[in-house]
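S.K.: Chain by chain, the residues run as shown.
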Amino acid sequence: MEGNADMTDISLAELCIFACAEAFRTEREIIATGVGTVPRLGASLARLSHSPGLLMTDGEAWLVEQPVPIGPRDYNDRKRAGYLPFSRFFDSAVWTGRRHAMVTPTQIDRFGQTNLSYLGGTHEQPKVQMLGVRGFPGNSIYHPNSMFIPQHGKRVFVEGEVDMVSSAGYNPAKRIKGGNYSAIDLRRIVTNLCVMDFGGPDHAIRVVHLHPGVTFDEVQEATGFELAKADDIGETPLPTAEALEIIGRMDPHNLRAKVMKDNPPARRAG
Amino acid sequence: MADLDKRMSARDIVAQIEDGMTVGIGGWGPRRKPMALVREILRSDVKDLTIAAFGGADVGMLCAAGKVKKLIFAFVSLDAIPLEPWFRKAREAGQIDVFEMDEGMFQWGLKAAAFDMPFLPTRVGLGTDLAELGGIKTVQSPYDDGEVMLAMPAIKLDVALIHANRCDWRGNNQFLGPDYYYDPWFAKAAKRTFVSCEELVEKMEDSHPDDVAANAIERCFVSGVVEMPGGAHPSSMPPAYGWDMGWFKDYAAAAKDPGDWSQVSDRFVGKDEAAYQASVGGVDKIAALPLPVM
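One line per chain: the protein sequences are A and B, in this order. Taking the numbering used here, the leading residue of the first sequence gets 1, the next gets one more, and so forth. Taking the numbering used here, the leading residue of the second sequence gets 1, the next gets one more, and so forth.
Worth flagging that the hints you see were computed from the coordinates, not collected in a lab. No experiment lies behind these values; they were computed from the predicted model shown. Mixed in with the good hints there might be a few duds.
Unchecked claim - The following residues of chain A were derived to be distant from chain B, with all beta-carbon distances above 12 Å:
1) 11
2) 150
3) 213
4) 219
5) 225
6) 228
7) 242
8) 269
Stated by the list, open to error - With a straight-line Cα cutoff of 30 Å, these simulated BS3-like cross-link-like pairs (lysine-lysine) come out:
9) 89(B) to 258(A)
10) 258(A) to 249(B)
11) 261(A) to 249(B)
12) 154(A) to 89(B)
13) 137(B) to 177(A)
14) 70(B) to 127(A)
15) 127(A) to 69(B)
16) 174(A) to 137(B)
17) 111(B) to 177(A)
18) 256(B) to 261(A)
19) 127(A) to 89(B)
20) 174(A) to 111(B)
21) 174(A) to 70(B)
22) 285(B) to 79(A)
23) 127(A) to 137(B)
24) 154(A) to 256(B)
25) 258(A) to 256(B)
26) 256(B) to 127(A)
27) 261(A) to 89(B)
28) 47(B) to 127(A)
29) 127(A) to 249(B)
Said to hold, decoys possible - Cβ pair distances, simulated, as ranges:
30) 272(B) to 73(A): 32 to 42 Å
31) 267(A) to 147(B): 41 to 51 Å
32) 153(A) to 220(B): 50 to 60 Å
Think of the CB as a built atom: it goes at the ideal place given N, C-alpha and C, for glycine as much as any other residue.
Given only the sequences and the hints, what does the whole structure look like? Please build it.
M.R.: Here is the structure:
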C-alpha cells in the first residue's frame, strides 16, 4: 500500500480519527474507550489495525472483538466475546489501570486539568450545570487518558484554571503530600487544528503535529495559555487508504461528516 | 418468626419514606430505574429528601417537584440527551444542596455503608476539587508506605428503591438484563430496600429455577416487593423493553416550554399509575419499546 489517499478526498474528521487511533496505539491488552463519534472511531481503527490487544465494549455490557459500527443497527447486530458490565467496570478496567479513555471535556487548562461539571457561578449555584464529574476523577488518577476537541478555542483551552477541576492533571498546587499521583498519564489532545501531547517542560502541553495548512501561531492564538512546541513539529499524518476503508466500515452512516461544521477537508481551502 | 410475605402496594412503600430521609435509587441514567415508585413519591407529600443515584429522569423529576433537599451524585443524564434538563434548572436556580463525586467513589461509599464502615480509602478524587467541595477528609496508611488517600465516607441509606424483572412474595428476585449496575450495593447500604418488579411470581423455585443465577440481591436485603409491569418506563428494562425516547424528548422540551413543573406534572406523573400508563399508550405499548442500540 501504501501511499495515502488523495488528500482532496480526506475530511478533517477522518484526519482526526486517524490521529486518535495513533493516541490509542499500544502493545498492551487494555480497554479502549472512545466517547463520541471521532474518539470511538479512533479506538475502533486502532483495534483493527496496529493495536489488536485493545478490548472494546458495545457500549452496553459486552466485550466485542469486532468493534461495533456506530449509528443505527439491529440490537443483536454485535458479536459478544466477553462481559464487562458497569457493575464491574471499576474493578476490572478503571481501578486496575487497564484502560485508556478518550473524552471531550468542556474545559482544559495548562495543567491538563479538565472540567465536565459546571461553568461559572458557584458549586452551590452554577451558571451552567453540565453532566457532573462522572468517572473523570477516577480515570485521571488510575489510567491513561486522551482528549478530542472538535473546536479548538479559548472557551475550551482556558486561561487560568478550569472552573471545576473534574480530573487530575499536573498541577503541583493540587497535590497533597503523601498522595500517589504516579498513574496520572495524559497522552494526546487531538483538535480540529493540531495534535498535542504533554511533553513540554513540567508536562506543559506541547504541539507535536499541525494539521495541513495550520500554523503554530494560529493554534497559540486559539489557546488561553502558552503552548510548547515540539522540536520536530510536523504535519499531522494523513490516513492511509487502509485506514479510510476501516473508518468507512465502522461508520456506515457517515456520522463523522456531522462532527465539524460543513465537514471541512483535511487541508483547508485557501 | 419472620413474616416472609413482603408484598406491599406502591403507596404503602412510599408511606415508609419520611420527610428528611436519605433514599437511594437503583439503575443507571436512563436504564432500569424504579420509575413507578418514583412517580408514587411524586404523588405523595413527602419532602426534604436526600437522594443518592446514578441519576436520570428520576433525579430530574424529583428535583423539579421540589422533593430534593440534597443530591448525592456523579452525573445526571439521559444519555442521548446528555444534560438532564430539569436537574439543570434546579441546579442553576441554586435549589438543591449537592454532594458531587466520581462514579467509582459513589459505589465505594455504598460499599462502605454495606459493610458498616465509616469510610473506605481511595485515591480517586485526589488532584480534583471534589474533596474540598464535599468535605472529604484524608487518611494515611499505617503501613510503611504511609500513603495519603481520601476517606470516602459511607453513603448510608434509609431506603433503597430498585426495579427488577421478577420477584416472588418472599423477596427473591431476578434481574434478566445484562447489568445489575450497583443495585445490590444500594440494597446492602440501605436500612430497608423495596423492589418493584415486572412480574410477581408465587415461588421462584417453582416458576423460574433456571434463571436463579440472575438473583442479584439475596432476599434478606429486601423488605418489600410490588408488581408493577412497565414500572421502569420511561427508562429501559432489558430484555423486556427499551427506553422511550419520544417521552424523554417531550420531557426535555417541557423544561424549556412551559418550564414550570406544576403545569406538566400531570402529564409526566399522572394521578395514579393506571392513568399514567394509559397516557403513554398502555402497558402493551411500553412492552413493545425496542431495546436501545448504544
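S.K.: Does each hint fit the structure? Answer for all of them.
M.R.: Hint by hint, here is what the structure shows:
1. Every CB of chain B is more than 12 Å from the CB of residue 11(A) (nearest about 24 Å), matching its label as outside the interface.
2. For residue 150(A), the requirement that its beta carbon stay farther than 12 Å from each beta carbon of chain B is met, with the minimum near 15 Å.
3. Once the 12 Å rule is applied to beta carbons, residue 213(A) is consistent with being away from chain B; the minimum gap is 32 Å.
4. Non-interface call for residue 219(A) relative to chain B: holds, since the shortest CB-CB distance, roughly 26 Å, exceeds 12 Å.
5. The Cβ of residue 225(A) lies farther than 12 Å from every Cβ of chain B, with a closest approach of about 18 Å, so its non-interface assignment holds.
6. The beta carbon of residue 228(A) is kept farther than 12 Å from every beta carbon of chain B, the shortest such distance being approximately 21 Å.
7. Under the 12 Å C-beta cut-off, the non-interface status given to residue 242(A) relative to chain B holds; the minimum distance is some 27 Å.
8. Distance to chain B confirms residue 269(A) as a non-interface residue, since its nearest Cβ pair spans about 32 Å, more than 12 Å.
9. Straight-line distance between C-alpha atoms of residue 89(B) and residue 258(A) comes to about 29 Å, which keeps the hinted pair within the 30 Å bound.
10. About 21 Å separates the Cα atoms of residue 258(A) and residue 249(B), which keeps this hinted pair within 30 Å; it holds.
11. A distance of roughly 24 Å separates the Cα atoms of residue 261(A) and residue 249(B); the hinted pair therefore holds under the 30 Å criterion.
12. At most 30 Å may separate the alpha-carbon atoms for a hinted pair to count; residue 154(A) and residue 89(B) meet this at roughly 26 Å.
13. About 14 Å separates the Cα atoms of residue 137(B) and residue 177(A), which keeps this hinted pair within 30 Å; it holds.
14. Proposed proximity of residue 70(B) and residue 127(A) is supported: the alpha carbons are some 18 Å apart, at most 30 Å.
15. Among the hinted pairs, residue 127(A) with residue 69(B) is consistent with the structure: their alpha-carbon atoms are about 19 Å apart, no more than 30 Å.
16. Under the criterion of a C-alpha separation no larger than 30 Å, the hint pairing residue 174(A) with residue 137(B) is consistent with the structure, at around 15 Å.
17. Only pairs whose Cα atoms come within 30 Å are accepted, and residue 111(B) paired with residue 177(A) is accepted, the gap being roughly 27 Å.
18. Proximity of residue 256(B) to residue 261(A) is assessed by CA-CA distance (about 26 Å); at most 30 Å being required, the pair is judged to hold.
19. Between the alpha carbons of residue 127(A) and residue 89(B) the distance comes to roughly 10 Å, so the proposed pair stays at or under 30 Å and holds.
20. For the suggested pair residue 174(A) and residue 111(B), the alpha carbons sit about 27 Å apart, so the restraint of at most 30 Å is met.
21. The hinted pair formed by residue 174(A) and residue 70(B) meets the criterion: a straight-line CA distance of about 27 Å does not exceed 30 Å.
22. About 29 Å separates the Cα atoms of residue 285(B) and residue 79(A), which keeps this hinted pair within 30 Å; it holds.
23. In summary, the hint linking residue 127(A) to residue 137(B) is supported, as the alpha carbons are separated by about 28 Å, within the 30 Å threshold.
24. Restraint check: the Cα-Cα separation between residue 154(A) and residue 256(B) comes to about 29 Å, which is no more than 30 Å; the hinted pair holds.
25. With a C-alpha separation of about 25 Å, the suggested pairing of residue 258(A) with residue 256(B) holds against the 30 Å cut-off.
26. Annotation: proposed proximity of residue 256(B) to residue 127(A) holds, straight-line Cα distance about 16 Å (limit 30 Å).
27. At roughly 29 Å between alpha-carbon atoms, residue 261(A) and residue 89(B) fall within 30 Å of each other, so this suggested pair holds.
28. For the given pair, residue 47(B) sits about 26 Å from residue 127(A) by alpha-carbon distance, which is consistent with the 30 Å threshold.
29. Taken as a hint, the residue 127(A) and residue 249(B) pair is honoured in the structure, with Cα atoms around 23 Å apart against an allowance of 30 Å.
30. Residue 272(B) and residue 73(A) have their C-beta atoms about 38 Å apart, which keeps the hinted 32 to 42 Å range intact.
31. With their beta carbons about 50 Å apart, residue 267(A) and residue 147(B) fall inside the hinted range of 41 to 51 Å.
32. Between residue 153(A) and residue 220(B), the C-beta spacing of about 55 Å keeps the proposed range 50 to 60 Å intact.
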